[in-house]
Amino acid sequence: MDRTFAVAIGGAAGQGVATPGDIFAKIFARRGLHLNAYNAYQSIIRGGHTFLTIRAGIEEVTCFGDHIDLLIPLNQDSMDRHIGLMKANAAVVYNSDTIKPGSLTQAQLCPLPVNQLSKGSRSKVEQNTLALAASLRMMGVDFEPLAEILTEQFMRKGSKVVTENLDIARVGYDYAGANFQPFAFPLPMSGMQYAVLSGNTALAMGGAAAGVKFYCAYPMSPSTGVLHWMAAHARSAGILVRQVEDEIGVINMAIGAAHAGVRAMCATSGGGFALMTEGLGMSAMMETPVVVIDVQRAGPSTGVPTKTEQGDLWQMLGAGFGDFPRLIAAPTDILDCFRLVPEMHNLADRFQCPGIILGDLLLSEGRSSVDPKQLNFDTEIDRGEMIVSADPANGENGYKRYKITESGISPRAIPGVPGHTHTAATDEHDEDGVLISDEFTNPAKRRAMMDKRQRKVLGIEAAVQPPVLIGTPTAEVTLVGWGSTSGVIREAVAMLNEEGISANQLQIRWMVPLHGEAIVNILKSSKYTIMVENNYSGQFARYLRSETSYVPDGCIRKYDGEPFMPHHIVEAVKEQLACKTHKTQQLSVPVHEIMV
Amino acid sequence: MATVLQLQPLTAADFKGKVDPDWCPGCGDFGVLSSLQKVLAEMNILPHNVVTISGIGCSSNLPGFIDTYGMHTLHGRALAVATGVKMANHKLNVVVTGGDGDGFGIGGNHFIHTIRRNVDLLYVAMDNQIYGLTTGQTSPTSRKGMKTKSMPYGNVEEPINPITLALAAGATFVARGFSAEPKHLANLIKQGLEHKGFSFIDVFSPCVTYNHDNTYAWFRERIKKLEDDVSYDSSDWHEAMKRGLLWGDEIPIGKFFQRTDLPSLHEAEPLLDQGEPLAHRELRIAPEIVRNFITELM
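Going down the list, the protein sequences come from chains A and B.
At position 492 of the first sequence (counting the first as 1) the number is 492 in my numbering, and the numbers step up by one without a gap.
At position 205 of the second sequence (counting the first as 1) the number is 205 in my numbering, and the numbers step up by one without a gap.
There's no promise every hint is true.
[What the hints assert, rightly or not] For lysine-lysine, the following DSS-like pairs were computed, each having C-alpha atoms within a straight-line distance of at most 27 Å:
#, chain 1, residue 1, chain 2, residue 2
1, B, K16, A, K403
2, B, K16, A, K400
3, B, K147, B, K183
4, A, K524, A, K445
5, A, K445, B, K18
6, B, K38, B, K242
7, A, K100, A, K87
8, A, K400, B, K18
9, B, K190, B, K224
10, A, K403, B, K224
11, B, K16, B, K224
12, A, K400, B, K224
13, B, K224, A, K452
14, B, K18, B, K225
15, B, K242, B, K190
16, B, K149, B, K190
17, A, K445, B, K91
Since the hints were made in silico from the structure, they are not lab data.
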């Protein structure tokens, strides 16, 4: 049974959806509630429609769910878009001076006469504060936590503004107590206190924990949040942050810094990544590690910049010409965004190759609660075989940067170390760095260098654990997802099991190395397999097939820009199981009911 | 042994690379390489404290022919890579070399932005007004009317003027040399290396194989050293622009412009004010700072 509570705020961009959203999130997290938040928005600075859903509960909340318990429309448009989807037991809190309910609803209507309550005050903030306070009263939250947060929020604007806000909040709080029906279940509490962060913040903090000392970027939604955190915390974290002229400059600058010895990172979205691909090959050829975050958004081309998709997998797999070892992993939730970054840096450093983190808007701009203890900055740091100071034992004079070794890894001397001068070239080169693309061209040497670099693939495969099945192995249906769909599939699996359809989940985190054999071994013993992907063509299904020849029984795909909701998956699974005697692969494309 | 060697004055031979240049006999780039080696030795800069970074092209092969740390990067990207190197370790001497196609064509965007940032490095463009390694096509500095394999009926486009472009973008050191004037060039390279900020030297470096217009003789007839004009004031930006625009019977070489009142990028970055270069800093962040990061989220 769903024991979560979801509040949604809808309005035009610039109307102040974010602030009440932040306040709800803080109040929930400070009560020891887990939460998951997703903001559906548009590429517009003022106007349009923004719809923020925050879902909280005692247990971990892995997605924004299917239902809204409390709707706060800040304008008529938001009321009209969402009232029809409101169920009985839900409530709608709105400014009755400017917004009318429109169509009939089973939900409780909670009109706030804002002009009267705010004594004709001018500010749109008053409408929001009134609605916020009224909502919290209906949820059974005391006034003090709200007062505390409003004080924090408005402190820098002076005590007068704080008092004004507290007064108006009190009015809204009391008005709701006198006029509206509280929710049947008051918002619970636990002894915990959680941190709330977005995937972008988690990625940036993961970089800080990994010891990243150079971060650069060109602004691109939905990855810009990484740049913002990095820039805001650069001085305290000791990270040099640069905004660069384009993504070509970004990756080249990052590789330059990495080559000189720091851990370097950059983030972008698909379009920016496309510009970086030549640089990715340079990282591989010079064997200078670099970590690139690609936050996917709906493509192709400019696409829908503020919408989510898992459409860049093949770009990552094929980025750069020629064959070279690479690492690609897709974090499965916001905490995993934090954890994956140091892990990726360790592997990129050890294997001296590019590492790609494949996130998406759902994670990067979504928010979730995290136990602060999980944000561990003492994580392992492994810089691999690096020479950072002169040591005669390292074979001065005879130093070969690209020495042929069994592992394919050659100790890497950074500039400034005496006795180890060499040239790192993007042209094919010999062990000592001398080009073998011109007068010294030599097929045997070329083959030896290719073999050397590609041997690293074996080490990479051994360094990453294969995925494991979550749930009962004998289930009737196995849902396979990758990256950010982890949470929504987990909830869909729980819902299916509750309905008596036994289901389990295989979530893929590492794309390269894939561990295809291990995956197929799991799927071979599954009764019915469905691949769930937030894209049109089933990019992961096609990839797994290309690597292993494995074909799933069915696919569920969504490419409308919005993430899956649990019921989309549950309903599609039921449809497919109902006609599973079909010989051909089944495809379901759920419709997103919410118009955002 | 190593210590004793370092006490000896360095010579150009200490900067001799693992292999000899494979440029065409007579290529202007030889003069640039030898001037650079000579100046580095004269200034007693140890090879391991220099990073020579290039893009792609004939002249971009230079890092392989000089004994320093070298990076032979992507076509047009050397300045971006070099900025990263300098930020990660600002104690290194960074020298960027490349050609006109590399620097002003495919790398044009990085050129103006690296200038704007005043990154403390020396950028020597070996400008031969042609694409050499791809066997003779029009470059961004090819003169109007010049016939090449890519413009067999003559170039209809106006060339870029690297000097005025650099000045307009805000370069703090702008010079032009000629590879057949090695003493003059060496002096410019020395000043460029000493300059704290972005130093740009556009060097006429004739391509004897593909450019039959801009030959050694053609340049010799025209070049005039700014240093020979005692009235010339290289701190006057407007005058520098005027001289920079001269092209024809008289083509000035020498130091057009220098200003020393602007901080370079690493000097402008408080993070690099004190302590070791980034590359040698502690990776872990102090626990009290980490606590602040997490408290912000609660």
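Satisfaction of hint between K190/B and K242/B, Cα-Cα up to 27 Å:
holds, 25 Å
Next pair to validate is K445/A with K91/B; report whether the Cα-Cα distance is within 27 Å.
Between K445/A and K91/B the Cα gap is close to 35 Å, so the pair fails against 27 Å, i.e. violated.
Take the C-alpha atoms of K149/B and K190/B, compute the straight-line distance between them, and say whether it is at most 27 Å.
The given pair, whose Cα atoms are some 37 Å apart, is violated under the 27 Å limit.
Holds or violated: are the alpha carbons of K16/B and K400/A at most 27 Å from each other?
Roughly 17 Å separates the two Cα atoms, so the pair holds.
Hey, K445/A versus K18/B, does the alpha-carbon distance stay inside 27 Å?
Given that 27 Å is the threshold and the Cα spacing comes to 17 Å, the pair holds.
Are the Cα atoms of K403/A and K224/B separated by 27 Å or less?
violated, 49 Å
CA of K147/B to CA of K183/B, is that 27 Å or under?
Distance ~33 Å between K147/B and K183/B Cα, so the pair is violated.
Given the hint that K16/B pairs with K224/B, does the C-alpha gap stay at or below 27 Å?
violated, 31 Å
Holds or violated: K524/A to K445/A, with C-alpha atoms at most 27 Å apart
Answer violated: K524/A to K445/A is near 42 Å, above 27 Å.
Regarding the pair K190/B and K224/B, is the alpha-carbon distance no greater than 27 Å?
Since the Cα atoms of K190/B and K224/B sit roughly 20 Å apart, the hinted pair holds (cutoff 27 Å).
Within 27 Å, alpha carbon to alpha carbon, are K100/A and K87/A?
Holds: K100/A and K87/A sit about 18 Å apart, inside 27 Å.
K38/B and K242/B: Cα distance at most 27 Å?
violated, 32 Å
The structure fails to meet hints 3, 4, 6, 10, 11, 12, 13, 14, 16, 17 from the earlier list, while all remaining hints are met.
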